[in-house]
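Protein chains in written order, with the working numbering: chain A, 310 to 691; chain B, 310 to 691; chain C, -17 to 369; chain D, -17 to 369.
Please keep in mind that the hints were generated in silico from the structure rather than gathered at the bench.
The structure displayed is predicted, hence computed values, not measured ones.
It cannot be assumed that every hint is accurate.
[Said to hold, decoys possible] Below are the DMTMM-like pairs computed for lysine to aspartate or glutamate, each with C-alpha atoms no more than 20 angstroms apart in a straight line:
#1 Lys358/C - Glu641/A
#2 Lys181/C - Asp654/B
#3 Lys127/D - Asp198/D
#4 Lys585/B - Glu40/D
#5 Lys260/D - Asp442/A
#6 Lys252/D - Asp687/B
#7 Lys612/B - Glu331/B
#8 Lys287/C - Asp46/C
#9 Lys585/B - Asp46/C
#10 Lys585/A - Asp117/D
#11 Lys451/B - Glu535/B
#12 Lys91/D - Glu211/D
#13 Lys352/B - Glu331/B
[Stated by the list, open to error] Away from chain A, derived, C-beta distances all over 10 angstroms, residues of chain D:
#14 Ala7
#15 Glu17
#16 Pro21
#17 Tyr42
#18 Lys184
#19 Tyr294
#20 Arg340
#21 Thr348
Beta carbons are placed, not taken as given, at the ideal position from N, Cα and C, and that holds for glycine.
What follows is each chain in one-letter form.
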Amino acid sequence: MNIFREEHHLFRTALRDFLQREVVPYIDDWESEGQIPRSIWSKFGNMGFLGTTIAPKYGGSGLDFPYQVILTEETSKINSGGFSAAVVGHDALAMVYLNKFGSTRLKEQFLPASCMGQSFGCLAVTEPHAGSDVASIRTSAKKTAQGYVINGSKTFITNGVLSDYLIVAAKTDLDQQSAGISLFLLNRTIPGIQASALNKLGWKASDTAELSFQDVFIPHEHLIGEENMGFYYIMQNFALERLILAIGAIAASQYALEYSLQYMSQRKAFGRSINKFQVLRHRIAQLASQIELQKTYNYTICKAFDDGHNVVQQCAMAKLMSTELSDKVMTECLQFFGGYGYMEDYKIARMFRDSRLGTIGGGTSEIMRELIAKMVIDKVKY
Amino acid sequence: MNIFREEHHLFRTALRDFLQREVVPYIDDWESEGQIPRSIWSKFGNMGFLGTTIAPKYGGSGLDFPYQVILTEETSKINSGGFSAAVVGHDALAMVYLNKFGSTRLKEQFLPASCMGQSFGCLAVTEPHAGSDVASIRTSAKKTAQGYVINGSKTFITNGVLSDYLIVAAKTDLDQQSAGISLFLLNRTIPGIQASALNKLGWKASDTAELSFQDVFIPHEHLIGEENMGFYYIMQNFALERLILAIGAIAASQYALEYSLQYMSQRKAFGRSINKFQVLRHRIAQLASQIELQKTYNYTICKAFDDGHNVVQQCAMAKLMSTELSDKVMTECLQFFGGYGYMEDYKIARMFRDSRLGTIGGGTSEIMRELIAKMVIDKVKY
Amino acid sequence: MDAYYFNEEHQLFRQSIRDFLKKEALPNIEQWEKEGRTPRAFWQKFGEMGYLGLNFPEKYGGLDLDFFYSVILIEEISKCFSGGFAILPMVQSYMSTPYILHHGSEALKQKYLPDAIAGKKVASIAISEPGAGSDAMNIQTKAIKSGDHYVVNGSKTFITNAYYGDFLIAVVKTDPEAGANGISLLVIDNKSEGVSMRKLNKLGWHCSDTAEINFDDVKVPAENLIGDEGMGFYYLMGGLQLERLVAAVGAFAGCESALQYSLQYMSERKAFGRSINKFQVLRHRIAQMASEIEANKYFTYHCCKLHQEGAYVVKECSMAKLLGTELANKVATECLQFFGGYGYMEDYKMARFFRDSRIGTIGGGTSEVMREIIAKMVIDGQEYDEA
Amino acid sequence: MDAYYFNEEHQLFRQSIRDFLKKEALPNIEQWEKEGRTPRAFWQKFGEMGYLGLNFPEKYGGLDLDFFYSVILIEEISKCFSGGFAILPMVQSYMSTPYILHHGSEALKQKYLPDAIAGKKVASIAISEPGAGSDAMNIQTKAIKSGDHYVVNGSKTFITNAYYGDFLIAVVKTDPEAGANGISLLVIDNKSEGVSMRKLNKLGWHCSDTAEINFDDVKVPAENLIGDEGMGFYYLMGGLQLERLVAAVGAFAGCESALQYSLQYMSERKAFGRSINKFQVLRHRIAQMASEIEANKYFTYHCCKLHQEGAYVVKECSMAKLLGTELANKVATECLQFFGGYGYMEDYKMARFFRDSRIGTIGGGTSEVMREIIAKMVIDGQEYDEA
């Protein structure tokens, strides 16, 4: 299943060159600093790497989905899960919500700068006491004559500390579960928003925030879409989000495998290069096969997604299996490196740490299985 | 953890010699016939292999638990899960219930012949609609002035077609769940008992029955222990039953591994004996390690059981892990044999079929995990 | 997503073969399993429907259809809960006679293909030997040329379709000194003098006949040589790709049927007061398996497409075979578990599925052999070209 | 069942060390992890309590207790959620100084053991080299005798305790031509001229110092040779059994603490309206892991008992190390999952446990090396005797 045409390959090459030149030399620093510099956003934007699928009238390139796939893949192959998360959190989450559900006015106001990387966003749904249970969020948005007043807290928010605007899920009707949720756009500069960075096992170059909102006032026009439709919007976008996560996981896995193969061809033990040991060879064969399979499946779903099919079930499956596989690949690849695998000087230690979020973020594996079970066993349709 | 003394080894040697002489030469025939001949029971009894832990006054040998362990192990190493099941179903199930909970009169009446192998029994608890859910059985025992009248059906009963007597669980109080169950001894000869043999994937030498009871009348004295205490008796004996199943599974695994090692030392491929291929060697190392670990654990529990400790949790763990491991061992060992593994002329095909019941019979792995979860998480005590 | 691979005619074809199997095969499989063979009359009907010639030119009686018709055929016969039933046409049309079609003389084609396609003759491919297993290079069966015929001596084992079959495509050494270059393919009639067979007793695939064969000075006409002498190994390498692909298709299709069957059972079976498809642990296992089967299926379709387009995809076919058959083992083990004690009873189809699947990671090159091939390509950068 | 291995005094000892750790270590570990070392002052207190000399004779300041006291020590330090903290005393008392005790001269013992036992000096065992890894036979570091001293050249890597430590037990080649028979053990003071070190930056074990060491014409007095020249390999083989056993004990103890910690969290954390320890899929995973940890523990106790009784149990120790550390990886991965997003946060101890456990299947001989050893014994019938 090949979803890429010639122009896609050109885009990939340009992006790859850019990353090698502008990102890779600095990525270790950004990892230690726990954030990526503002300047990289505008460089990214200038090159046309952001907003590829967004209409030109809003500053995007109006291209098809494979461009976004390539953005995800290539940012996943420079050994910084955090960097990739920051880019994807802006491009495939914040911007996509705005683009799909926002009013023309909001789009005109925020998308062009977003596409140029002069401004970037985050999506804030998860709360400390709700986790994967979106329907149970407690952040409230009280409607007044002048606008909405938002109170509550969020956690695990990628780009949550540094982003210029936030897409926030809050309850406009506290008596409802899912039916009372709405989405809002918050400018970072409004008073009442507090953010603190979390200290994570991996994804170090990404800022992940705990947020609190205290009487944050926003005008009515900053409601995204319709009131009480937020849950529906979130569910609708989950397919894309999961597909992107699946693609990233497999790109990183492939990168880890290639990196390992290179190491194994050079490293010697007991008198021969370790890629000659049968037990290691068979494990490589198994992993390579599983990656190949998963990649093919993911591309098939990308195509179906791009063709407008309902792929809720398929995206959950892709996310579940790709992230589980990625953990397995990283665990095994680290083992190939022996003691060196445990040293942060080699890339595999970071890959191992970064991968571990895969089966947790964007809905845990358990949530994926719940969802798939409902569709496969109870024949529920979404 | 060594639980065997010198006299145990002598017993083991005698049993092993007996099996080699009296059982092994005929076992393939018995597997095709779907049953073992009556004559083998009395031979077994004559040698003193049955009722080892039962008091001499009831015809047993009054010995300690390791003798029963040896009986389980050795019968599990002659490549007939069905044969082993028949012996254990009599010796560690039917006889044990009778011995532990039966009246002196019942014991005097039935145990001596049971120890001599002149008569053998089965335990009938499971029902078509209840499975592992013992509390929900529907077979009823209606008390009348003259005795009890039993109606209902049972399934998956080892020795259920050929045994001389049956220990049957039935509801004396239909309004109760577990609190309404009692145990009864039924002579095979009473009118109203119908049995038909089931056609199984493995355990071919054992007769496994579907039973139906139509107005089966038995005297009051054939109640085992007290009325409505049956569930409690069954739960109490589960520890032993599971331990025995765990021991059998590991003995069979060890036998399969030894058999495979022998084959692999002789079989050549690509110019060398296949026990020289690193991938196979490492798998053997892994399996041998897991078997060794599990055996040590099981023996530790055997000792604790014999010392009178409460080992409900430990026996469930032993059963869960031993039978899961056995399936894994058989699956992998069959693979070592390549095409020959698939031929019934080699022992491994039957071992593979026989093992598969392990995670199902005597409480499925899922039931074991339910039980363990209750003890480990909810701190429930049994 | 199926639309990426199947058009409307494909779907009609699927319906027709499904109807045929439902009427002609499913009611009888239980019986055929007991008898240890599928009757010849059935295969003739099957042949009359055209099902044995989907991938053959019309001049030999085939239908000359694209490969996805074959994929459908293999999927559907693999969903009948009888690996032994499904394997006959798989060997016949995809693993043995294609050697005649692709490399054989016109005379050989005329002699064997029409009858095979009509279901009148049953073919086998005879590679494995008692001493060699998966190691085709080290076979010992010799075919020494003597005038206008070869004299064949040696033995073969695990040969599907052979005991009740009509002819063998036998892999033989025509030059015992020449290694891979000394291997040739020879068509041998089962009734030839000096051919003796023993039917093997298997763990599963009960309605398929698997034979151990002895050749004792068997005279085979020289014109029964397929293609050129010494080219057998290379023909095989090509043919094995198709064999693996077919095995992969059969594997995921079997998994799908096992999952469906389990779902049905689980919706009906009750325990502790509710149907067992409500238990979270079982639901999550279903979810996991459904996901793995689905991904496997679309990867295999992808390989089929590559094959259809004429690509020589050794790596992908080996991967598909490896992953598909390993998955089938896992699915068989887990699905049987869902049935509890009933899973162990031969009255339910799961027990047979469990027995039948187990050959998957062994036959047609073990998983270990697949990993060897993949390792060579992925690690050492080795490439294979078509013969 | 614990009573089969531990008597009442053992239990009192367990309580005392647990109290000590709770008071002196647990409140500070977070800080030590940040600083990248555990302060020397702590180890001196630890030594004063006798915890570094459980397995040493009284004449050197040890307590000369049976091995199960050591087992308790290792279990308890392994339950502090800091692999880096636990490894220092493990290396000190069980992986390095025992070579001096068992094979060293009385002068060496007097010089090094009392200080090590008192926590005044910290020891390392230096085996691995950049080019050799687990392959002890192929080390390249040379110690060439010249008069009354050896001149050492070469390098070592992954050496725990070395960067802030005092002396090394270095594995060197005294006879570069002699293979295994040319290997010797030499005590080298870290401050010797020509010794240079680089501190390594690790995935986990943050409060432990791990060094890469270079020896550049380092002069070492001849009396620092442990035992006889050329016997180093055999001493090592013996010592490695203890090392593996200690690793196995640490592994299951870590698993126990991770499971307990998870159970605590799961009883408090709510999702979809109930505490997450009520979800069947999580409950079954807990049940499975609890079972595996329990079996692993008693198998390891069994090996400890064999060790205590003086048996030379290469196979059992290798098995315990293999299975224990593989299990720890699995437990770490699964337990972190129970914590959801919080598992990924360094504020919870699971993230550290996950990072710290990952070295288990690598350090002290990889799982692959363990399987090699076990395969040789189980398949080829090889046996090992004590040096």
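Compare the structure with the hints numbered earlier in the document and write down the numbers of the violated ones, lowest to highest. As far as the earlier hints go, 4, 7, 9, 18, 20 and 21 are violated by this structure, in ascending order.
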